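A.B. asks: Starting from the known structure of chain A, fit chain B onto it as the hints suggest.
Okay, here's what each chain looks like letter by letter:
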Amino acid sequence: MTAKKGRNLRAAILFLLPFMTVYLLFMIYPIGKGFYTSLCEVKLDFSQTYVGAENYKTLFGDKFFWQSMKNTLIYVALNTPVLIIAGLLLAMILNAGLRGNVVFRTVFFLPYVLSISVVGYIWKFILQPYSGLLNSLLHRLGMQNEIMWLQDERLVWGSVVAMTVWSGVGFNMIMFLAGLQEIDENLYEAAEIDGAGIWAKFRYITLPGLKNITLMITIMQTIASMKLFTHTFILTKGGPGTQTRSIVHYIYVKAFTENKLGTATAMSVILLVIMLIFAAVQHRIGSEREDKERMVG
Amino acid sequence: MKRGKIRLSRKFLYLFAILCAAVWVAPIIWMILASLKPQNSAVTILENLVKGPFTLENYVEISKSEIWTWMKNSLLLGIISTLGAVVMDSMAAYALSYIEYPRKKLIFWFIMLGMMVPVEAEIIPLYQEMVELRLTNTYASIILPALAGPFGVFILKQFYDGIPRELAEAAKIDGAGYLRIFLNIFVPLSKSAIFALGIFLFLGSWNNFLWPFLTLTSSKKMTVPIGLPMFNSLMGSDMVMPMAAAFLASVPMMIVFLLFQKHIIKGITMTGIKG
Chain A
1 MTAKKGRNLR AAILFLLPFM TVYLLFMIYP IGKGFYTSLC EVKLDFSQTY
51 VGAENYKTLF GDKFFWQSMK NTLIYVALNT PVLIIAGLLL AMILNAGLRG
101 NVVFRTVFFL PYVLSISVVG YIWKFILQPY SGLLNSLLHR LGMQNEIMWL
151 QDERLVWGSV VAMTVWSGVG FNMIMFLAGL QEIDENLYEA AEIDGAGIWA
201 KFRYITLPGL KNITLMITIM QTIASMKLFT HTFILTKGGP GTQTRSIVHY
251 IYVKAFTENK LGTATAMSVI LLVIMLIFAA VQHRIGSERE DKERMVG
Chain B
1001 MKRGKIRLSR KFLYLFAILC AAVWVAPIIW MILASLKPQN SAVTILENLV
1051 KGPFTLENYV EISKSEIWTW MKNSLLLGII STLGAVVMDS MAAYALSYIE
1101 YPRKKLIFWF IMLGMMVPVE AEIIPLYQEM VELRLTNTYA SIILPALAGP
1151 FGVFILKQFY DGIPRELAEA AKIDGAGYLR IFLNIFVPLS KSAIFALGIF
1201 LFLGSWNNFL WPFLTLTSSK KMTVPIGLPM FNSLMGSDMV MPMAAAFLAS
1251 VPMMIVFLLF QKHIIKGITM TGIKG
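First to last, the protein sequences are chains A and B. Straight run, no breaks: the first sequence in the working numbering ends on number 297. Straight run, no breaks: the second sequence in the working numbering ends on number 1275.
In isolation and in its complexed conformation, chain A is listed as follows (with noise of 0.2 Å):
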């Protein structure tokens, strides 16, 4: 019996050691660091001097963060229940089965695999001014003025969501197909000879139907949305001036523009501990719902 205990362990061992060793060493090993750093003063030559909670202080003072934080929680907020609405909208296109569904599969999938660096660039040049697609297309349709998508506070925002509603849309529209075809179709059946209509349907059969997908995509998209960095760094820069630069932009910025190592570090772990509050939730949900999942089986 314990030859038997011994030999599973070593195999156990051996199965989870290359893995294991990677992990602690490029996961745990810098989360753990990042704790100690953010309570250091970080030189250029990387030697740290423990300052105490010195950088959060200096943080909680400082309004960029503020801004950073403000904006990222914007663009969470706009960008969340936008991207599930068209995810969900594409989703029931396709599951209506249309003439040539798959090309409409294909087409809206298709931008999620470009590169953001390809749809930054493609998309900068659909929205500036003056010699942009998007402008040229409205002077067409007798526009006389120019419209700043990209450098009037009032706008940027709504071109930053367009952009990553076209880019990234195909993943929840996947996610609502799939939860769409879970749907028992005798109920949608059982409806119709009942005499109700397409309203009726949509909002007794497939809303409840798609309740804990809806869920779950929320929450994703949400982390997803906090960890806002690389749209907006390439379509705006942050800008104009400061107005669309989010947490991890300015992470970015302290550590490699300002050398503030310390503070960026501290930054980090707030972010860090943001995070583990919604995976948490998101834990919640989830096994609440094995647990009635469970209760009805």
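Heads up, some of the hints might be wrong.
In silico SDA-like pairs for lysine to any residue, Cα to Cα no more than 25 Å straight-line [what the hints assert, rightly or not]: (1) A:Lys124 to B:Ser1065; (2) B:Lys1011 to A:Ala96; (3) A:Lys33 to A:Phe60; (4) A:Lys43 to B:Leu1214; (5) B:Lys1262 to A:Glu182; (6) A:Lys237 to B:Asn1232; (7) A:Lys4 to B:Gly1175; (8) B:Lys1051 to B:Ser1041; (9) B:Lys1104 to A:Gly6; (10) A:Lys70 to A:Ala280; (11) B:Lys1262 to A:Met220; (12) B:Lys1104 to A:Leu9; (13) A:Lys124 to B:Ser1041; (14) B:Lys1104 to A:Ile13; (15) A:Lys260 to B:Asn1137; (16) B:Lys1104 to A:Met20; (17) B:Lys1104 to A:Tyr29; (18) A:Lys43 to B:Leu1133; (19) B:Lys1191 to B:Leu1083; (20) B:Lys1011 to A:Thr206; (21) A:Lys4 to B:Asp1174; (22) A:Lys237 to A:Leu272; (23) A:Lys70 to A:Gly241; (24) A:Lys237 to B:Asn1137; (25) A:Lys227 to A:Leu73; (26) B:Lys1105 to A:Leu14; (27) B:Lys1104 to A:Leu17; (28) A:Lys124 to B:Ile1067; (29) B:Lys1266 to A:Ser287; (30) A:Lys211 to B:Ile1265; (31) A:Lys237 to B:Pro1118; (32) B:Lys1104 to A:Ser287; (33) B:Lys1221 to A:Phe256; (34) A:Lys237 to B:Thr1217; (35) B:Lys1266 to B:Pro1252; (36) A:Lys260 to B:Ser1218; (37) A:Lys33 to B:Thr1217; (38) A:Lys201 to B:Tyr1014; (39) B:Lys1266 to A:Thr106; (40) B:Lys1266 to B:Phe1151.
These aren't lab readings, by the way, just hints derived from the structure by calculation. Since the structure is predicted, the reported quantities are computational estimates derived from the model, not experimental observations.
C.D. replies: Chain B in isolation, oriented as in the chain A frame:
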């Protein structure tokens, strides 16, 4: 009466679908058409765009740049990180799913901890670590953190959990050890899941921006997403050349997508349904 109504609303839906598809594909068509125009042409005037003259000179021109190096780097790093991750992840997942030993749950949760930590939140300490190891501006600095992600372990563990234990028990009675059971039962039965995961990881690697942007500094080592913006910034206000570069850089991924669309979709639903 009711039939007619349904047919009408289906027509509207069809029209709407075509409209959406047109909006979605327009930027890509624009990129391709613009890339075929002579340098410094006005590519936002639609008539000019569809009328001639067309030329391939942009593609000839960018072929002289480092774009082939960047594509080779992206491909190489993507393949190595993906293969490495798939092998290590499936081994770890096997140990977490099938083998029984004390504290297994604790180890599982310890690995899950890393799932909740976004790379974005640890780039500074990771960068310091790479400086200490003298690994900045090397391929290893990209590959090692890519192998450390626990996402694949989680996905494959879920998948292995669903494999009937009777198969493994039967093999055990025939004298198979843990390695044989892994190679002859678990891996073959989850081939499609492993493949979907691989495509998904490759996609992530190909499009990875922030970390390579920080650590790769010499243009010979750069990947496509990092090299392209550098190339574009040298082009000034010319839209045509960068469009050609952008399209050329997108071709490999578009091919992967068209060939493996089913697997990518499977990869996404796997993350969603199981996550």
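A.B. asks: Going through the numbered hints above, which ones does this structure break? Give me the numbers in ascending order.
C.D. replies: none
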